[in-house]
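**Student:** Sequence:
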Amino acid sequence: MLLIFEYDSARRLGISQDVFFAYNRTMKVNVEFLDTDPIENVITCLNYKMDRVVYFGYPEVIAKYRDMTEAFLLKRCGVQEVCFYPVSEQDLDDIEETIEAAFRLERENGNEIFVDVTGGESLVLVAFGVFAASMEIPMHAYDIAANQFIPLHRHADYDIETSCQKQDVPFDLDAFVTLNGGQINYRMHKGLKSVTSEEQAEEIRAMWDVMVRYAADWNHFSNYLKNSEQAEFLTIEEKIMVKPPKFARENGIELHTFFAILDDCEKLGLLYNVHHDLDGYGYSYHNSVVRDAFWDAGSILELHTYMVAREFGEDCRIGVHLDWDGVIHNQPDEDTTNEVDVLLLHGYTPVFISCKNGHVKKDALYELETVANRFGGKYAKKVLVATKDLTQSDYLRAKEMGIIVISSGRDPELAKLGRKLLHK
1 MLLIFEYDSA
11 RRLGISQDVF
21 FAYNRTMKVN
31 VEFLDTDPIE
41 NVITCLNYKM
51 DRVVYFGYPE
61 VIAKYRDMTE
71 AFLLKRCGVQ
81 EVCFYPVSEQ
91 DLDDIEETIE
101 AAFRLERENG
111 NEIFVDVTGG
121 ESLVLVAFGV
131 FAASMEIPMH
141 AYDIAANQFI
151 PLHRHADYDI
161 ETSCQKQDVP
171 FDLDAFVTLN
181 GGQINYRMHK
191 GLKSVTSEEQ
201 AEEIRAMWDV
211 MVRYAADWNH
221 FSNYLKNSEQ
231 AEFLTIEEKI
241 MVKPPKFARE
251 NGIELHTFFA
261 ILDDCEKLGL
271 LYNVHHDLDG
281 YGYSYHNSVV
291 RDAFWDAGSI
301 LELHTYMVAR
311 EFGEDCRIGV
321 HLDWDGVIHN
331 QPDEDTTNEV
341 DVLLLHGYTP
351 VFISCKNGHV
361 KKDALYELET
371 VANRFGGKYA
381 KKVLVATKDL
391 TQSDYLRAKE
401 MGIIVISSGR
411 DPELAKLGRK
421 LLHK
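First residue of the sequence shown? That's 1 in my numbering, and the numbers climb one at a time after it.
Just so you know, these hints were derived from the structure itself, not from any lab. Hints are supplied without guarantee of correctness; some may be wrong.
Subject to a maximum C-alpha distance of 16 Å in a straight line, what follows is the list of computed EDC-like cross-link-like pairs (lysine to aspartate or glutamate) [to be verified]: (1) K64 / D325; (2) K388 / D217; (3) K416 / D325; (4) K226 / E250; (5) K49 / E229; (6) K378 / E413; (7) K64 / D37; (8) K239 / D209; (9) K267 / D325; (10) K362 / D389; (11) K75 / D157; (12) K193 / D264; (13) K49 / D159; (14) K267 / E202; (15) K49 / E100; (16) K239 / E250; (17) K381 / D411.
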């Protein structure tokens, strides 16, 4: 039987990683404190192949996070066994006795132990440090925001990098939401909230150009089209008659501004056969995608934001409906959901982006904070993209909440999203 105890030596002999770990069957055990931020509980297993994971945690935390954590590790990370040991929040003696007994049990079974001190509580970390030093067990941590591994194995003669098989577990937004006890509800997704071709992307860029140019009037323009046109409408066959004074009074937009928007849309290929005079107007849409975006006043801002944001992350979605308990029922009113305008995953950091076309109400700030805290935890980044500037008091309130505010009027290309948010 081939026995190789150092992977570096095996590699020099031309032995593959798979063969090396197949013959070295010592059970690899990751030990850590069960944290209230789910990503900290699985970060090691997303990057290294572990056979068994042992958690120490407070009873109420174990009760809340046990099932979702165990299910994630078994299904996605290839872990064979997961164990949870409750410890006292204040009794250091109890913590030390529990940890020591668990460590010794793993050693007696011939297992290799690795201690992850990412996050965690101070008393438990102190106990981890004491026993790791005395029993020569390697420790490590992750800087999750920077996606960086930090080795801390000064007292051990082995380490996780050479003893454990490296793995790269797929981690997209579906995995992230599931890890946090939720689920993405695809039934509620709107077809409009997608970009499926470069032709559509060009149309969105053109619509954004017109919308920015007429930002003050865009909502009135959009609402008028939606209210005056029929479902499945694409072409005005006969001229619609209008009276300029009445038109402005009833629709909140001057008729000459309405005509100017139509003309600019024709120049950009969004409309064709545009014709108008003092009595009326007519036109045809380039396609139903343009029509649907024109009818939904805020969709163009969301689509533009999505197209910018997707350049800064591994997974980016638009119009994401998050189900709070991870169980989608047959009746929609039985589910508690939140729609996130744009949701981005940058490494292990989720970015929640809310898009507001027009005046921003205070509730929008609290809604963004609530959904980000529920599904993103302490690593979540929160962004508000608004076409109108916030009041000074709302801006300060957003800053207190850790919300990054981007004004599309001042920054149409949303350069701040990369410059300030993702440090690019």
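**Student:** Take the hints in turn and mark each one as holding or not.
**Tutor:** Results of checking the hints against the structure:
1. K64 / D325: 12 Å, holds
2. K388 / D217: Cα-Cα ~12 Å, so holds.
3. K416 / D325: Cα-Cα ~34 Å, so violated.
4. K226 / E250: Answer holds: K226 to E250 is near 14 Å, not above 16 Å.
5. K49 / E229: With a Cα-Cα distance of about 58 Å, the restraint between K49 and E229 is violated, given a limit of 16 Å.
6. K378 / E413: 28 Å, violated
7. K64 / D37: 11 Å, holds
8. K239 / D209: Violated: K239 and D209 sit about 27 Å apart, past 16 Å.
9. K267 / D325: 48 Å, violated
10. K362 / D389: 13 Å, holds
11. K75 / D157: 32 Å, violated
12. K193 / D264: Answer violated: K193 to D264 is near 24 Å, above 16 Å.
13. K49 / D159: 13 Å, holds
14. K267 / E202: Given that 16 Å is the threshold and the Cα spacing comes to 14 Å, the pair holds.
15. K49 / E100: Roughly 24 Å between the alpha carbons, so the hint for K49 and E100 is violated.
16. K239 / E250: Since the Cα atoms of K239 and E250 sit roughly 19 Å apart, the hinted pair is violated (cutoff 16 Å).
17. K381 / D411: 19 Å, violated
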